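Undergrad: Okay, here's what each chain looks like letter by letter:
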Amino acid sequence: MDRRSFLRTSAVLASGLAALAASLSPLRKLDDYVSLERFVQKYYKELTPEEMKQVLKRIENEVERQYGIRPHVRDLKPMDGVEYVYALNLTRCIGCRKCVHACVQENNLSRTPEIQYIRVLKMPHGSLDVEKGEHNYAPESVPEKGFFYMPVQCQQCKNPPCVKVCPVHATWQETDGITVVDYDWCIGCRYCEAACPYWARRFNFTQPSIPKERINPDMAYLGNRPRRQGVMEKCHFCIQRTRVGRYPACLEVCPAGARKFGNILDPNSEVSYILRTKRVFIQLKEELGTSPRFFYYFDT
Amino acid sequence: MDQPSAEDDQRGLPTGYQQRPHRMNSRFKATLVLRGLVVLFVGLAAAFLLNLWGRPAPLHPIPLVDPAFLDTATVRRSYADLVRAKEDLSDFDCYACHEKNKPPVLRYDEHQNLLIPREHSDIVMGHGQHGRNNNCFNCHNETNLELLQTRDGRQVKFADSSQLCGSCHGPTYEDWEVGAHGRISGYWNRSRGPIKRQDCVNCHNPHAPPFPSRPPAPGPHLLHELAEAPVPAATAH
Amino acid sequence: MTRALRDYLVFLRRCGRIAFVGDWRYYLWMGVLTVFCLLGLNAYAKQLVNGLITTGMSDQVSWGVYIANFTFLVGVAAAAVMMVIPVYIYDNEELHDLVIFGELLAVAAILMCLAFVTVDLGRPDRFWHLIPGLGQLNFPASMLSWDVIVLNGYLLLNVHICGYLLYCRYRDMKPSQWFYIPFVFVAIGWAVSIHTVTAFLYVGLGGRPFWNSSIVGPRFIASAFTAGPALIILALQIIRRVTEYHITDRALLTLRGIVQVSMLINVFLLVNEVFKEFYTGNSVASSQYLYVGLHGYHALVPWIWTAITFNLVAMFLLVLPLSRSLKWLNLTCVLCIVGIWIEKGMGLVIPGFIPTPLGQIVEYRPSLNETLICVGIWAFGLLSYTVFLRMSVPILQGRLAKTNESLPDPGMDGAPASLAAKP
Chain A
1 MDRRSFLRTS
11 AVLASGLAAL
21 AASLSPLRKL
31 DDYVSLERFV
41 QKYYKELTPE
51 EMKQVLKRIE
61 NEVERQYGIR
71 PHVRDLKPMD
81 GVEYVYALNL
91 TRCIGCRKCV
101 HACVQENNLS
111 RTPEIQYIRV
121 LKMPHGSLDV
131 EKGEHNYAPE
141 SVPEKGFFYM
151 PVQCQQCKNP
161 PCVKVCPVHA
171 TWQETDGITV
181 VDYDWCIGCR
191 YCEAACPYWA
201 RRFNFTQPSI
211 PKERINPDMA
221 YLGNRPRRQG
231 VMEKCHFCIQ
241 RTRVGRYPAC
251 LEVCPAGARK
261 FGNILDPNSE
271 VSYILRTKRV
281 FIQLKEELGT
291 SPRFFYYFDT
Chain B
301 MDQPSAEDDQ
311 RGLPTGYQQR
321 PHRMNSRFKA
331 TLVLRGLVVL
341 FVGLAAAFLL
351 NLWGRPAPLH
361 PIPLVDPAFL
371 DTATVRRSYA
381 DLVRAKEDLS
391 DFDCYACHEK
401 NKPPVLRYDE
411 HQNLLIPREH
421 SDIVMGHGQH
431 GRNNNCFNCH
441 NETNLELLQT
451 RDGRQVKFAD
461 SSQLCGSCHG
471 PTYEDWEVGA
481 HGRISGYWNR
491 SRGPIKRQDC
501 VNCHNPHAPP
511 FPSRPPAPGP
521 HLLHELAEAP
531 VPAATAH
Chain C
538 MTRALRDYLV
548 FLRRCGRIAF
558 VGDWRYYLWM
568 GVLTVFCLLG
578 LNAYAKQLVN
588 GLITTGMSDQ
598 VSWGVYIANF
608 TFLVGVAAAA
618 VMMVIPVYIY
628 DNEELHDLVI
638 FGELLAVAAI
648 LMCLAFVTVD
658 LGRPDRFWHL
668 IPGLGQLNFP
678 ASMLSWDVIV
688 LNGYLLLNVH
698 ICGYLLYCRY
708 RDMKPSQWFY
718 IPFVFVAIGW
728 AVSIHTVTAF
738 LYVGLGGRPF
748 WNSSIVGPRF
758 IASAFTAGPA
768 LIILALQIIR
778 RVTEYHITDR
788 ALLTLRGIVQ
798 VSMLINVFLL
808 VNEVFKEFYT
818 GNSVASSQYL
828 YVGLHGYHAL
838 VPWIWTAITF
848 NLVAMFLLVL
858 PLSRSLKWLN
868 LTCVLCIVGI
878 WIEKGMGLVI
888 PGFIPTPLGQ
898 IVEYRPSLNE
908 TLICVGIWAF
918 GLLSYTVFLR
928 MSVPILQGRL
938 AKTNESLPDP
948 GMDGAPASLA
958 AKP
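Residue numbers (our numbering), protein chains in the order written: chain A, 1 to 300; chain B, 301 to 537; chain C, 538 to 960.
Check the hints yourself; a few may be wrong.
Under the rule of at most 30 Å between Cα atoms (straight-line distance), these lysine-lysine pairs were calculated in the DSSO-like manner [what the hints assert, rightly or not]:
| # | chain 1 | residue 1 | chain 2 | residue 2 |
| --- | --- | --- | --- | --- |
| 1 | A | K158 | A | K77 |
| 2 | A | K285 | A | K42 |
| 3 | A | K57 | A | K77 |
| 4 | B | K402 | B | K457 |
| 5 | B | K402 | A | K278 |
| 6 | B | K386 | B | K457 |
| 7 | C | K939 | A | K132 |
| 8 | B | K457 | B | K496 |
| 9 | A | K164 | A | K285 |
| 10 | B | K496 | A | K77 |
| 11 | A | K285 | C | K813 |
| 12 | A | K77 | A | K53 |
Hint data in this document are derived by calculation from the structure and do not stem from the laboratory. Only a predicted model underlies this, so the values are computations on that prediction, with no experimental measurement involved.
The following block holds chain A by itself, in its conformation from the complex (with noise of 0.2 Å):
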């Protein structure tokens, strides 16, 4: 090879190397996949207790940097002998939305982008086929003459598809019916939001946002603690909660008093007497055969 086309080789390779850098300058700006802890960290079922504690304290400083706030982060487990049913009753919610947002400020879901995990539809009297819900009603006040609400959130599918299509095993059914998500394990593919048929899934498109003084500082490693850019997320039954024996938060702020929640496997309990008595409940899309855990019923 002679000099100048060595020469002039040269000049294309070193101003197309020169492109090809300026072309991954934006990648300056990435300070959230750098953490080398983070990238090797191992699948939640793989922790040992010792490992856990290391991840929970790491989480807990991430979090204090982030947002200036201490949380306490827990690794919940379930209890034995029991199982999670929610039933909502169609009759006594009036549409109000108020769980939506007490989901939101418990679960520390996003607020810039919104990301909320219920969605309450506006249902015409007659008809149980969610194409005919509204989503997006804003009267005056509610509810409304001749229409009926369907807050409808993670059914917690005994036979959940979502958990079948990830690939990575990052969703799974825990033993007490709550499906959750290892945040730390998604690769955010997003098949399991193409497979539920609830729409109960949801993906952070971008880095999350919450106000540092609407934080919950209470919160659980499978639950509510924050998420990151790229992964799934979805209603884990406020496992922060409910895995202390509390009720979740979207039940305790219904001021209707439609929303019921326990452990089926307790004679005892208000779903257990719920679906013992009511005549009539719904399970949604029941043909499609996830078989919900959570039950729509009406009463007098």
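Using the hints provided, position chains B and C relative to the given structure of chain A.
TA: The following block gives chains B and C in isolation, referenced to the frame of chain A:
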């Protein structure tokens, strides 16, 4: 890079190649293309560094929801609640105005509608249909206004008003007792902590029981509308 | 042993070098593709930093043009087998050497598929969670885990077959039957499986009635075997034009036969689907949205009818003797490719999300950044295919061979013997 010339061309030729007239032309074009590419790459690098396009539009923040929507307080407060909170109970001090041992007299208009005295103008009579409860003393004890009474004559204290409701609304009362009707809070797991049930009158106005309507909390926002226009501040009504 | 290794390394080095030399047209083509690649890379860097919010996707429409292109390209990759079958099963001599070009196209298409899946991931840094042993591959429950396996397996199979045949030709030795014929037959089955598995990715979702239909799988295969060979016809015509490699008209017409039959089946299946959806009057809302619009939303309607028109016109051209003329055949192939690209991309993936399972209608429009990434990946694919051809054509012609190892490589120093020196 310098201009290609016929001489250069010959020098650059590998052995075994016959020089053909169109080769020079093609070689000149190759040089031209490569130079063009150098310029293009440099321009591209500059454009990348200046971040000329594809900058994500800033998201307009969604106004935080009014904390009123996060409040877990009940719609109304029962007598028992007021006692517990040691608040003003003057509303229940009947004999501040009424005379003891003298049952109040009810007055009706020509349609047999109860005429509500000015002192009680805040009361809306709306319990049941067809004026079935068009009579204060279906529930209040006319001889002792500080007590309630069921239709079968049992005396009930204001603090136990739910029992009065249950005397007519049996099935609902049954549901309420197990926690299936009405609001509850606290612990589903009774071994971990107590459950708190609300009295009927925490949600229902005994004189007009249907659950009151209220303004709904703000509805959902779409992901991509946030980049387009600011979100109007939600009114808490 | 060391000698064999040395020979192989020399082979790789010579292949690598030849990819960087050519005439001005080659430089222009590769340069322009590189520019598009860089544009795509830059856009991807922005997406990595800011998240998938830089795309037009949302929780309502959670897959977009990335997965649409992925789906289309899996079909293209699978269709390479349509050239292999005539050669190895029916001993069609016309297509014998051309099989390599088809399989190289499959390799390029799979590379593009992998790129499209990667850019769709929210956390590409966690790709290792998919590696069995290291991560937690959910096999066999998740169809996506099947897809990971079949796509990578198909890539390896084709790289092996092409690489082995080309290296044998380079060394001028007869390929050992045992070393590649079994793989060819595995690849035939495998090709059908990659597209079937990709179809099952959608069919397996009970909550999406638009996809949860048994006709989706057959339609995938039919459309793939139309668009894939059509793309190969165009590629072969370009090879014939810019290199000295001899490709007979009969070979192209054999491929035309394949496209013809596949297109007829494809249109037949389409008619089946449209009939079922609309005759009984209980059509799935997504189908309504796609074909006629729903509640005033109809962004996809012009697209799907364009696709259907293209498919129908292509079908008529294919059954007419007119398309025996290569000019008309080219037009037909373009119509097939564009038609099926729209149908398998915009027409299959997007409407599955509209309306959402809760009945909400949110439309989808790819963003500029998203489009740049797609363009970048397509440019990367074309770049790869061009490089593969740049290496394989001189080998198949015998001009890049072990025997001329000591001579300067053909096409060195701006004297691109294979590309420009057409007399």
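Undergrad: It remains to establish, for every hint, whether it holds in the given structure.
TA: A quick look at each hint next to the structure:
no.	hint	in the structure
1	A:K158 to A:K77	19 Å, holds
2	A:K285 to A:K42	36 Å, violated
3	A:K57 to A:K77	18 Å, holds
4	B:K402 to B:K457	20 Å, holds
5	B:K402 to A:K278	47 Å, violated
6	B:K386 to B:K457	17 Å, holds
7	C:K939 to A:K132	71 Å, violated
8	B:K457 to B:K496	20 Å, holds
9	A:K164 to A:K285	18 Å, holds
10	B:K496 to A:K77	25 Å, holds
11	A:K285 to C:K813	22 Å, holds
12	A:K77 to A:K53	14 Å, holds
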